[in-house]
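Enquirer: Make one complex out of these two single chains by using the hints.
Protein chains in written order, with my numbering: chain A, 1 to 329; chain B, 1 to 355.
In short, the hints are calculated from the structure, not lab data. Incorrect hints may appear among the rest.
Residues from chain B shown here face chain A by an in silico Cβ test under 8 angstroms; the list is partial [unchecked claim]: (1) R59; (2) P325; (3) V348.
Idealized CB from N, CA, C, for every residue including glycine.
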Amino acid sequence: MSAAPEALVTREHGLALLGEMLRIRAFEDRCYRLYGELKIRGFLHLCNGEEAVAVGAMRALGPDDAIVSTYREHGHALARGVPMTAVMAELYGKQSGCSRGRGGSMHLFDVAKRFYGGNAIVAGGLPVAVGLALAQKLRSATGLTACFFGDGAVAEGEFHESLNLAALWRLPVLFLCENNLYGMGTALDRAESEVDVAAKARGYRLEAAAVDGMDVFAVEAAVARAAAAIRAGAGPALLELRTYRFRAHSMFDPQLYRDKAEIDAWQKKGPLITLTTRMKAAGLMTEDDYRRLDAAAAAEVDAAVAFAEAAPWEPIADLERFVYAEPGA
Amino acid sequence: MPNPVHEPPRAMNDARPPAAAATAPSPMRQSYRDALREALRAALHADPRVFLMGEDVGRYGGSYAVSKGLLEEFGPERIRDTPLAESAFVGAGIGAAIGGLRPIVEIMTVNFSLLALDQIMNNAATYSHMSGGQIHVPLVIRLATGAGRQLGAQHSHSLEGWYAHIPGLRIAVPATIDDARCMLAAALASPDPVLLFEHAALYNLEGERTPGLTAVDIDHAAVRRPGRDLSLITYGGSLPKCLAAAERLAEQGVDVEVIDLRSLRPLDDAAIMDSVRRTRRALVVDEGWRSGSLAAEITTRIVEQAFYDLDAPVARVCTAEVPIPYAKHLEDAALPSPERIVAAVRGVLGRGEAG
Ligand SMILES: Cc1ncc(C[n+]2csc(CCOP(=O)(O)OP(=O)(O)O)c2C)c(N)n1
Ligand SMILES: [Mg+2]
Chain A
1 MSAAPEALVT REHGLALLGE MLRIRAFEDR CYRLYGELKI RGFLHLCNGE EAVAVGAMRA
61 LGPDDAIVST YREHGHALAR GVPMTAVMAE LYGKQSGCSR GRGGSMHLFD VAKRFYGGNA
121 IVAGGLPVAV GLALAQKLRS ATGLTACFFG DGAVAEGEFH ESLNLAALWR LPVLFLCENN
181 LYGMGTALDR AESEVDVAAK ARGYRLEAAA VDGMDVFAVE AAVARAAAAI RAGAGPALLE
241 LRTYRFRAHS MFDPQLYRDK AEIDAWQKKG PLITLTTRMK AAGLMTEDDY RRLDAAAAAE
301 VDAAVAFAEA APWEPIADLE RFVYAEPGA
Chain B
1 MPNPVHEPPR AMNDARPPAA AATAPSPMRQ SYRDALREAL RAALHADPRV FLMGEDVGRY
61 GGSYAVSKGL LEEFGPERIR DTPLAESAFV GAGIGAAIGG LRPIVEIMTV NFSLLALDQI
121 MNNAATYSHM SGGQIHVPLV IRLATGAGRQ LGAQHSHSLE GWYAHIPGLR IAVPATIDDA
181 RCMLAAALAS PDPVLLFEHA ALYNLEGERT PGLTAVDIDH AAVRRPGRDL SLITYGGSLP
241 KCLAAAERLA EQGVDVEVID LRSLRPLDDA AIMDSVRRTR RALVVDEGWR SGSLAAEITT
301 RIVEQAFYDL DAPVARVCTA EVPIPYAKHL EDAALPSPER IVAAVRGVLG RGEAG
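Here chain B stands alone, though its shape is the one from the complex (with noise of 0.2 angstroms):
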């Protein structure tokens, strides 16, 4: 696998795939970024309505190489590089996808769709309800999302939780291989406006498929870790972090349950709340800045729904608010990492600093 640009080596960034395995890989382990492209090949091979357009996803392979190989099987027309015009392509894909067609817009990375925040924004989540349910928007945007590669202050946000602001859209994380491979076929199933999340950490991601599964929804919250002493609520790049800090701290007897939300728009609530009503206790995990974030939201609906359930405050682990720096030790205070995770749990259970 030849590096993609975008990326970091391997020594800078766990996150980079082995150059050759030396051992032959299990049929069922698979790479995140390769999950992607399963999903992609499968997608086009349903459906010949399906396509891709966004920038270098053809002849470059794609940023992050998910699309790569894509191009020589599909041919051009259903492999589309588009010039660097994020506004027009994906209002582009809104009108393909209003004419019929049944687009995947691939934008680079979620820092550069600010430039396409007016078409996702103001037409394609509001045009089924401003035409009375005539026009249906039936379009999927994969973005690339998160910090944690020093790439500094204008390619490091977290924006998915301003998406999830906004009534029309639907918001799905896949943080899991599974999730990988089977998400974009839920999505492209969906009438509406789906963005697919994925965090750049995580291509490099390897896990198991689970045997036999084809399916997957993109409504529900999952658990992905169960436990009895509090609710880990978390998605997309943090739930590795949050699986990380819940092994620390069941080596300390404290033993959480890990709720990725894989869907961040709508909310799982029934998930969630049925999590808290057992463990009374929640933290919730969020790479978005915390004022106005979706860990504020989240929180708020357990204070909701879950008040009198509750044995302490929900807290957050949320990043810093200020734009990341580049400079590695910067970076890392101002993210949610395992070490301010297990913190933070050991805070909402009173127990203070580790022993």
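With the rest of the complex left out, here is chain A (with noise of 0.2 angstroms):
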């Protein structure tokens, strides 16, 4: 593992990686309470303790390279620069959502971000991810693929057929392994003959590593260095981001797998506290600095609350549309 040196960060780079994460931690506390009052529906994954992951990722890539996600990634796209008027209006299930009410928050779309959505099969986007990698090569394309997935999903043959095929034809393509430790109620020792999924990674002749995924700055930097060896021609890379969630793996898991002390003890190693403290030690950052980030956010999710509210349902009579291109499209 290894941690950016200290010297390289800015107050003004800080402050820009503390805001991106309070956006989405306000964003999924909000979406945590409008399930409660059913104004979002069907499954919804948070990724509370998540955020420094998606913030520490997106920074550190451009945008020419393609996003492939999973069904915890309202994070990814927010991160992404997925507006979040668009998001909280497709958790609505309205038209003016980013998947036009049809996703939901398993399913957020953005091609104009190349945000190739989230996926609800586990491990199903790693393959998608070779493939539009394939054409990046193929085109000469100057942008490389990063694809998200859990831990729970380096169980599935897509794992690993995904990682040769990558590996094989050299193809730029960046996995991204949210290790949170668990795959529902299921603990990744429980799960793997080898939990070492960066050594896995290895065997097929991958880059690989495992990273801080609580601390921004790791993220940001080790994905700035396999990115920038991918787009050298180096061929794909695993990087293994060692992170929690917070919340329960959707909106009724009575967690009954892990018991209150082990999320205490991640709570005071996550990602806000963690970039806090250190801006704060480093004497870059007050604690007004944090307050006004956090009203922001705020603001940003009540105005993004406020549009989804307001937005327009999508005609039954367009029930079928879209199943197939559209004449132009």
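Expert: Have a look at this one:
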């Protein structure tokens, strides 16, 4: 594991990362409430605790890079720049949502941002990421494809098939394993004979490393390094981002499989605390800065909710649209 | 009962368990979920070769809380949590069945069974025939199926009709408390692979157990409501919708018979034709997409076997041909509903709009 050298951390940069993480945290907390108010329905998987992964990674990626994600993707989408209004409207099932209300929480799409969607089938996105990278390579495009997935996905055949294919064809894919130690109620060490995800990737001859996923600078630095190598033609890489989800798997998980003490311990090393403690210690920010960014995040979430509330519904007459490409699409 | 993770709360899904019943429930009342659990416990007690495996069946208690408490009672060898590896653990179930055990494999939902489709179709369904009858696969697979909970395009499939296409498999669908409690034993008694489809909207269904009933078959359809004017042929999660539609129609003076298929492969042609010959009209209700659906198969069989007994063309209510959308108004519009069923029945009877 490696942290970014403190010297490179500027006040401006640190506050930008913090602001992004606070946006995601405020968004997720509001989603939790909105679910209770029945505004958001279906399955809702929140990413509290994992904000540094989304923000650090997206900071290090460029606009030409393609992103493939999972059903726990609000943070990825927001950090990528998908407008919060469009994400919230999607969760409301409204026409102004980023998938026109047809996708919901698990299927946020925004091709203008090269955000190729949340996927609700565990590991379902990995082969698609390989193909996007194949297109990038064959079309001599500048971008790479970054693919997020959870630790649970590592058990699926699609993980292994995809890593092998990407390495065999030297494709510009960055596999980002968001290891939060559990796939639903199953702890990693109860699902894997070898829990070292990076070691598995090395078995397929990928460059691979484990990173402290609670440290946004470390994530950003590691992704930047890996992306630079991939752009230079080194072939695919995998980063295992070690993190923890603070909330339940989805909205009605009684969490019988982990105890409160474990959650509390991880909360003490959460991404927001980690960053603010470091910045304050280095004299780069004050409590006022935090309050200002937090208030800005809250205001943005309020505006997104107002937008979603006011947004129109897709007409029922349009139910069967988009099953196939429309003329001119 | 703690809320299982994969289930929206009561207010958004009328199928949630009540938090705590104010009055003690009658001993003969039971939820579909509890009936399924009772069946699992009985099977595990009855036969040491039986074991349950699947994702989060043990420590988590099952994503729909069906297997809750079984790990504590039977231990991790027989209540076996698996990694997210559908193809491997379904295939392992096939091997274990061939090897002399009686596995019950739970695939969390039919959506994820697609990752195991190769094992189910190319191995489980074929071994008996392609080995010239030397190998049998006494495997039971339980899967949740169906839409209606705003879970979107990748979590709302009703693919039991697909599976019913495959020779070598048996497909059974419990839609009542009695069947939830008794079908598993019948499935385990089969020497061939049986898929049991549990519609996710049924888990919180409550109903009376039939006193003294301890065994059912998985061969025959059942008449759930006798009637004279039309045969409403359905199964699984659409059964309650058809019964609700039948009630409304009764208020309008229309007396429909509701047939619960129970087994989708084999289909009980005799029961279907018996009903259709009496009522002379049929409507098939199926949550699958219309094209190439189970409803299409049943309609064809009625046309083949009872054409001259019909007074009207056979009709169907199926799901609109779209990947299921998330937004509630769109999802509702896509799925069969009592309203659509009532309207379709009136159409077959030539009575147009409900008056
Ligand atoms: C193929 C498949 N199997 C099972 C599921 C049900 N399921 C949804 S999320 C999940 C856990 C996945 O864990 P992980 O990959 O670690 O991601 P996390 O939820 O921790 O972010 C499971 C089992 C699914 N969606 N897809
Ligand atoms: Mg995980």
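Enquirer: Could you tell me which of the numbered hints above are not met by this structure, giving the numbers in increasing order?
Expert: Of the numbered hints, just 3 does not hold.
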